Amino acid sequence: MKTPLFFLLMLLVVMPAMAQTILFEDDFEMANFKPQWTPIPGVPNGIVDIANGWGFDDSRGARLGKSSSAGGYVSNALDLHLNLAGQTQVAMTFKIGDVADETDYDDAIFFSNNGGLNFERVFVFEPSDWCDQYGQFPPLDIDQLAAQNGLTLTSQFVIRFQQHGEDYLPYYDGFYLDDVRVYVPDLTYAPLPFTDTFETGAFGSMWTWSFADQTNSLADIPTRPSNLVDIATAIGFNSSRGVRMGKTCSDGPATNALDLHLNLAGQTQVAMTFKIRDVADETDYDDAIYFSNNGGITFEKVYSFVWGATADVYTDYNLNISNLAATNGLALTNQFVIRFQQYGEDYLPYYDGIYLDNVQVTGTSTGIESTAANPAQDLLLVYPNPAGSWLHLNTAIPHLQEGGIIQIFSATGQLALQHTPGVAGGGNPVAIDHLAPGLYFVQLTTPQGNYCQRMVKQ
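Going by my numbering, 607 is the number at position 62 of the sequence shown; the sequence numbering is gapless.
Think of the hints as simulated: they come from the structure by calculation, not from any bench.
There may be inaccurate statements among the hints.
Said to hold, decoys possible - Each pair of labels, with its calculated beta carbon distance range:
no.: 1; residue 1: T648; residue 2: T697; range: 27 to 37 Å
no.: 2; residue 1: L662; residue 2: G853; range: 54 to 64 Å
no.: 3; residue 1: T828; residue 2: A981; range: 34 to 44 Å
no.: 4; residue 1: I585; residue 2: A615; range: 11 to 21 Å
no.: 5; residue 1: G695; residue 2: D758; range: 17 to 27 Å
Stated by the list, open to error - EDC-like, lysine to aspartate or glutamate: derived pairs with alpha carbons at most 16 Å apart:
no.: 6; residue 1: K579; residue 2: D624
no.: 7; residue 1: K846; residue 2: D758
no.: 8; residue 1: K820; residue 2: D857
All values reported here derive from a predicted model rather than from experimental measurement.
Positions of the beta carbon are idealized from the N, C-alpha and C atoms, including for glycine.
Make a model of the complete structure from these sequences and hints.
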C-alpha cells in the first residue's frame, strides 16, 4: 500500500556526495532539455517535458506520463546521450517521484551502446510498491549493468528512462525525474588510523552507499526510492551531524548498506569503535556487519545487531576486527570493506532505523602495508580491457610465482576461473575465451596481499 510522506524528516539534510568526476548533470532548472537529452513522448497523449513545481523540493523537474487517459497504454522515454568511450567505472544517481504509477514491464532503465539502434533493459522500476513521493536509489553502477547485459561503454551510449501507463498526470500513472548525475567515483581505501565524525556534512571517498542485494536475505525488494542513507544535522551524538539509515515512508521491507573501504594490509590488532542510536528498530537477521577482503566481490556476515535494549539512546560498540575476520576465514587486505547494514519496513524519524556516529578504526602496523590510496591500480594492471580471448596481467609485485593465485569472479561473486601466475612484470597471459561476455573481477592473491581489478569480457 502506498503511503505519502506527511512530514519533514529533518530541516537540514546533507545528501551523500562522495568525491567524483562529473561527466553529466542536470537539475532541469533551465526549463529546457539540455542537448544531451532526447524526449520521446508516446502516441497518443504522451508527455515528456520539464514542468515547474514538479521537481524535488518543488523545483523544476522532468515528467513522463500522459495528458489524457484516451488512447490506452503508451510508453514514454527520455534518452540521455553520452560519450563514455574509455571509461571503466561510471555511476549514476537521480531522484524519482512516483505518481500512482502501476508497475509494468516497460517501466525501467534501458541502455544502448550504438546510439539507440538497439536497447537492453538493465534496471527495473516497480512503482506499484513505492510511495507517491520523491526518493533516490543508491548510485547505479553503469559499467556493471552494461557488462551484465553484454554491452560496452562507447562514444554513442544512451541511457533511457522509460515509463508506461494509460492514465494521466498529475494524478495517475506517471513519474518525475530530477537531479540526474553521471560521474566517475573517486573510491579510495583509507589507511589506519581512520576516524570519521561526519561533521564535514559529506561522505568521504572511502564510503559508499551500496545496493544490498548480495547481503540481503529478507526483503523481496531490497532497494526502493524510499531507502535512506545520508548525513543529517542534529541526529548525531551530542546533537551533531550523523549518518541515518532507514526509510522515508512505509512502502514495504527494504535493506540499506553503507560500506567503509579500508587498507588493512600489514595491520594487526585492528579494532573499530562506533556509536549507534536505535530508533525503534526491530531486530532482524539482516541487521548486521559484513566483511569483504576482496573489494566487495563477496561478503561474510561477522556480527549481528540486537536492538531494543537501549532504544533511542546512543550506545558504544567496540569490535575486534582482526578476530572477527580470522574467525570467518578472512585475511586483512588492502581492499577490505566493512558493511553496516540495516533492515526495516517503517520510516524515520519515528520507527525502524538507526543513527551512526564517531566511527574509528585503529591497528598496529607491521611496516609492510601498502601506502597507496588505491593500491590495486598501482600494483596490478589488467589488459586489454575490455578483453577477448586472452587477458594479460602486468604487476610490480616481486616473487609473484611464490604462492600467487589469480581468480576471476563473475559480477555475482561466483568463481569463474583460477590460474597460477608466472613471474612478475609483463605477460602472465590467461585464456578467457570460454567465459561468457560480461563484467568480472580479477583477484590476484599473493603472500604480499590481495589485489583486485575490474575486467569486461567481450
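Hints and how they fare:
no.	hint	in the structure
1	T648 with T697: 27 to 37 Å	30 Å, holds
2	L662 with G853: 54 to 64 Å	56 Å, holds
3	T828 with A981: 34 to 44 Å	40 Å, holds
4	I585 with A615: 11 to 21 Å	19 Å, holds
5	G695 with D758: 17 to 27 Å	20 Å, holds
6	K579 with D624	11 Å, holds
7	K846 with D758	14 Å, holds
8	K820 with D857	12 Å, holds
Comparing the model with each numbered hint stated earlier shows that all of them hold.
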